[in-house]
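Novice: One-letter residues, chain by chain:
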Amino acid sequence: MNYRDAGLSDAEYERIKEMLGRTPNDLETALIGVMWSEHCSYKSTRRLLSQFPQSGRSVVQGPGENAGVVDCGGGWGLAFKVESHNHPSAVAPYQGAATGVGGIIRDILAMGARPAASMDGLFLGPPDSLKSANLAEGIVEGIAGYGNAVGVPTIGGKTFYDPCFEGNPLVNAFNCGFVRLDSIVSSRTAHPGHLAVLLGSKTGRDGIAGASFASKELDEDSRESRPQIQIGDPFEEKLLIECCLDLRDRGLIESMQDMGAAGILSSSSEIAHKSGVGMEIFCDRIPLRERMEPWEIFLSESQERMLLIVTPEKLDEVMGIAGRYELECVAVGAIIEGDRYRVLEHDVVIADLPVQILGSAPMIEWPAAAPADAAARRAPRPDMRSLDPAGDLLELLGSPAGRERREIWEQYDCQVQLHTAEEPGYPVSAVCLPDTDGLVLFAMEGEPWKCRADPFSGAAETMAQSLRVLALSGAEPLGMTNCLNFPSPEDPENFHVLSECVKGLATVCRDMGCPVVSGNVSLYNETPRGGIYPVPLVVTAGLVSHCAYYVSCGRAREGDAVCLVGPAAGSLGASRWQVICGGAGSSEPLGDVWAYDPNMEHAFAERAIATSRRACVRGGRVIAGGGLAVALAKSAIFCGLGMEVDLGELGGSGLTEVLFSEGGPRAVYAVQPECLDKFLSIWDGYPVARIGTVRGDTLKFGDVFELPVSELRYAFTEGDRLLRS
Amino acid sequence: MRTAVVVFPGSNCDRDARDAILDMGLGPVDMVWHSEDGFPEAPDLVLLPGGFSYGDYLRSGALAARSNIMRAVRAHAMSGGLVLGICNGFQILTEARLLPGALLPNSNLRFICSPCHIRVERNNTPFTRSFPERQVVQFPIAHHEGLFFLPPDELDELEERHQVVFRYADPVTREAGAPHAPNGALNGIAGIISREGNVLGLMPHPERATLKYLIRGTDGRGLWQSLGEHFGAFNVSPGREDVR
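Chains A and B supply the protein sequences, listed in that same order. Convert by adding 8 to the 1-based position in the first sequence; the result is the number in the working numbering. Convert by adding 401 to the 1-based position in the second sequence; the result is the number in the working numbering.
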């Protein structure tokens, strides 16, 4: 095999020869090539990612394992991670999305945790494009088909639409699971004399070199990449989950690793690398579905396989348990002293590499240059004024990115395992903690438009938004996981944007004390028509110590005071209103994005938590996409009551800013009249105003407009279905 | 009340059913693997849980209906013991011919997970005795094959014998029937009982409407309450209202 076919550059190949002191054979070249691919090595981003704060009070396991783990109290750890499956989903939407769900579930399982809940971030092309609609349908069916059968509830997610995702949809799969802190499984605990055991499906030719596939742009020939697509079997995965947890409970596993990208190769070499030991894999013992070459066997990404490290005396018991679950289980390798990673075929060594070399792809520092029009994109636009506020509100509520996505989440089983504490479609997703009255909340955020207009501020706003949503709901942050979806880093402008986005996320995480415990990078998200907008997607986990403190967004009663906390206006730049309603005369995201202010974020979070603890509100909602107008409209729709709002007291800002601007720590609350004084005293020292009352069945904005809640609901629930008909 | 929950490969509501029963104070619950020849102790109730037994491959419930443990389930039913099949468990009961009919793919050909209102058509069964007659309750649904089907004459016979126990309904008007079925079920049938009145199958999930503080209510407690009363279980072990 030519080293270029293995994805290696001239310089990398020279480096390999130097490190080895010889020329690698074909198999060795293939093994190194895939381990040095962007997907496996993070060679373009490792330096950037080191900016993320990784430690914190709650962190039990930071980045570097299959998933991060935080301490959520009562002796329980929460393992969680989000991972992209963008390229496979673009080519084979059903299987791509399904195996994305399956893969992230195995990452959580590999920590010894029972997978407890899934979420999905979907960034899709416009729903009125046939191609995008077909991809979207396949993706959703894939998530449902796999997630429902495997018995893990899909409790929420995020759906976003923009033409830049046509042909390159983003599928970011999140999973979390609970594990007793003293039962966490590590990939660092293999010792010489242990055996490497392959559990689960037979290895086949599906998904060969998927990691290399994910490390380049999609092109017109990507359909021919179908052999690189993996095929999922949720039934096998369900058995794998139960079997691995059974083995864990019986203390039969020393170490465990799931087989994701680069299959047997990466799982076995990572265990060897992290445990500081050598490894021998007997190629001919690996159960195969078909005749395969050694390099194919090592690079195959056949699904539903786990690599277990067990002691020889426990092997029989492990195989007995696996048999009960009707799973194939074979010892395929041995942990050895030293630092060699060897592949043997019928006792002949066919590859012999230092373990070190597989895990040490040289970092690449791509040149970075600010896009030529960067300053123009984020310059404030004075020319933004809504001519029809009522019409714009209905358009925002009914827009693809704004409206309810019931037809998607109704296909997902959100309830199995009996711990889902909030309906899908809410700003946060919630799971009950085992054995206690606490809740774990998750906020998934991604802001392609704001990151396009201003990468640093857009990413900072994304992260800050996730923390605001948690704080308003009553949760203290435990940690964050992220998926960085970007186009090719080889373009200096793209690399600059990527760097700025990482800096934005890292800044907020550091300031707000939210550690980053896991993550994933997906580069080369491009089609011949161009790159995607930057999408740093975050999922932040938070803890509510008692479910009574949880503040939901859908509760209000007639007579409650409607209060706004935070400045009267955020920013219209790259807002839903600017892009969807064509503010600034353009549907490109343009203008100044809210400038992140750590003091203000802290002040908001402290008061929001106090509000939750002192139980003085009925419900609340952070102001997000669509601004105050959409926040109030959704509150009205969710609680089924009207509101009378007097905008006169807001003063200063223009009407369009007040109604539709986004960004900044701002929220609306429904406050019981008898608690209003207590509420105002909590928010003392922060902008706070009573702006109206929950009353009647219309949403009345002073003398600007008055819309029946039924009409708002119709736009929100039917939305672009009306446009399609 | 002793319950045997049968666990098939691919079952995924087995633990949920156990947790709901234990939350009601109606233990003990034995989890019984599909390959067993019988139950560890004679059960009062055999429960076939929801999920995707054998991955729903071939046809939902078809493979599970032929698994080893089903001989013991059938013997339990034939001797008058109570059997409850929920969702995939209902599909298995029809495939095993312990209940008539078949569950076909939903009329919209999609998986539907949703709150769901059903009317209790009969409260003179061991499974429904604590519900007021014709009460409309909310048990969530989550299935891809929930369209209950029988040929017309057999359907008429089923109705004449009053074997329909739950029917999809409108929560406001309390009307029940086909127009209210989210999945196209004939006559709006959500759950049926055997002629002998000891084998019940239903598509909605009572165990998902049992624990407190979760989404989608606690109407399902009525079904477990009924079983507890039928077996006189509450004299021994009162319902633990304080536990989630």
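What the hints contain is simulated information worked out from the structure, not anything from laboratory work. Treat the hints with caution; some may be incorrect.
List time: in silico SDA-like cross-link candidates among lysine to any residue, alpha-carbon distance up to 20 Å [stated by the list, open to error]:
#: 1; chain 1: B; residue 1: 613; chain 2: A; residue 2: 557
#: 2; chain 1: B; residue 1: 613; chain 2: A; residue 2: 711
#: 3; chain 1: B; residue 1: 613; chain 2: B; residue 2: 456
#: 4; chain 1: B; residue 1: 613; chain 2: A; residue 2: 560
#: 5; chain 1: B; residue 1: 613; chain 2: A; residue 2: 383
#: 6; chain 1: A; residue 1: 166; chain 2: B; residue 2: 515
#: 7; chain 1: A; residue 1: 322; chain 2: A; residue 2: 444
#: 8; chain 1: A; residue 1: 708; chain 2: A; residue 2: 610
#: 9; chain 1: B; residue 1: 613; chain 2: A; residue 2: 554
#: 10; chain 1: B; residue 1: 613; chain 2: A; residue 2: 399
#: 11; chain 1: A; residue 1: 511; chain 2: A; residue 2: 444
#: 12; chain 1: A; residue 1: 210; chain 2: B; residue 2: 515
#: 13; chain 1: A; residue 1: 322; chain 2: A; residue 2: 344
#: 14; chain 1: A; residue 1: 686; chain 2: A; residue 2: 511
#: 15; chain 1: B; residue 1: 613; chain 2: A; residue 2: 606
#: 16; chain 1: B; residue 1: 613; chain 2: A; residue 2: 562
#: 17; chain 1: A; residue 1: 166; chain 2: A; residue 2: 188
#: 18; chain 1: B; residue 1: 613; chain 2: A; residue 2: 69
#: 19; chain 1: A; residue 1: 708; chain 2: A; residue 2: 399
Just so it is clear, the structure is predicted and the values come from calculations on it, not from any experiment.
Novice: Against this structure, judge whether each hint is valid.
Specialist: Results for each hint:
no.	hint	verdict
1	B:613 - A:557	16 Å, holds
2	B:613 - A:711	44 Å, violated
3	B:613 - B:456	30 Å, violated
4	B:613 - A:560	16 Å, holds
5	B:613 - A:383	54 Å, violated
6	A:166 - B:515	19 Å, holds
7	A:322 - A:444	35 Å, violated
8	A:708 - A:610	32 Å, violated
9	B:613 - A:554	14 Å, holds
10	B:613 - A:399	41 Å, violated
11	A:511 - A:444	37 Å, violated
12	A:210 - B:515	37 Å, violated
13	A:322 - A:344	18 Å, holds
14	A:686 - A:511	38 Å, violated
15	B:613 - A:606	38 Å, violated
16	B:613 - A:562	19 Å, holds
17	A:166 - A:188	29 Å, violated
18	B:613 - A:69	32 Å, violated
19	A:708 - A:399	14 Å, holds
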